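Engineer: Residue numbers (UniProt numbering): 1 to 163.
Derived from the structure by calculation, the hints contain no laboratory data.
Just so you know, nobody snuck in bad clues.
For each label pair, taking beta carbons as the anchor points, the in silico distance ranges come out as: (1) G127 with R162: 45 to 55 Å; (2) R153 with Y17: 38 to 48 Å; (3) R4 with L147: 20 to 30 Å; (4) R162 with V107: 35 to 45 Å; (5) Q89 with R152: 42 to 52 Å.
It should be emphasised that the depicted structure is a prediction, and the values quoted were computed from it without experimental measurement.
Using N, Cα and C, we set each Cβ at its ideal position, and we do this for glycine too.
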Amino acid sequence: MRLRTCVVLAAMLAAYYLLPSHPSDALPLLRGIGSVLILAGLAVLFVRQIKAQARASEDTTVRLESLFYLVSLTVFVFAFTYYALARSQPGQFAGLSTRTDALYFTVTTMATVGFGDVHAAGQVARGLVTVNMIFNVVFVGVFASVLAARVRRAVERRRSARG
1 MRLRTCVVLA
11 AMLAAYYLLP
21 SHPSDALPLL
31 RGIGSVLILA
41 GLAVLFVRQI
51 KAQARASEDT
61 TVRLESLFYL
71 VSLTVFVFAF
81 TYYALARSQP
91 GQFAGLSTRT
101 DALYFTVTTM
111 ATVGFGDVHA
121 AGQVARGLVT
131 VNMIFNVVFV
141 GVFASVLAAR
151 VRRAVERRRS
161 ARG
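All chains should be built: construct the whole structure from the sequences, respecting the hints.
Structural biologist: So, in structure tokens, the structure goes:
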């Protein structure tokens, strides 16, 4: 994994745990400044990634890196949304009381494991989880397409090198 990818992942994780999730949260100055800096840094990195994606139309490494960023961001956005919903409407989720619970639930949902210890109980939560599952299906299709294109190009290069 590239250093930039590790930095982006660390920034997303920091933002996830630092950002206030409820309007009643006290927002100390340091936490507020840290949150703004992390979000600004992520915005800059994502704009750079979009530009790199546009420049490297044939570079599947850039595409895979972009997919990794998309999935990572999606995990953190869904986890944050689940946590905020669980705090504002406690009956929406069973077993979800911390940010780590929300991150765990999101990853088990995206990995289609679903242990059942944390689950959507209310209608709003079930709707959000349904959106998450639809995203998973679409993402798997896109990922498979990118991977197939990469394999196809490798096979074509080998064939052209032979003869």
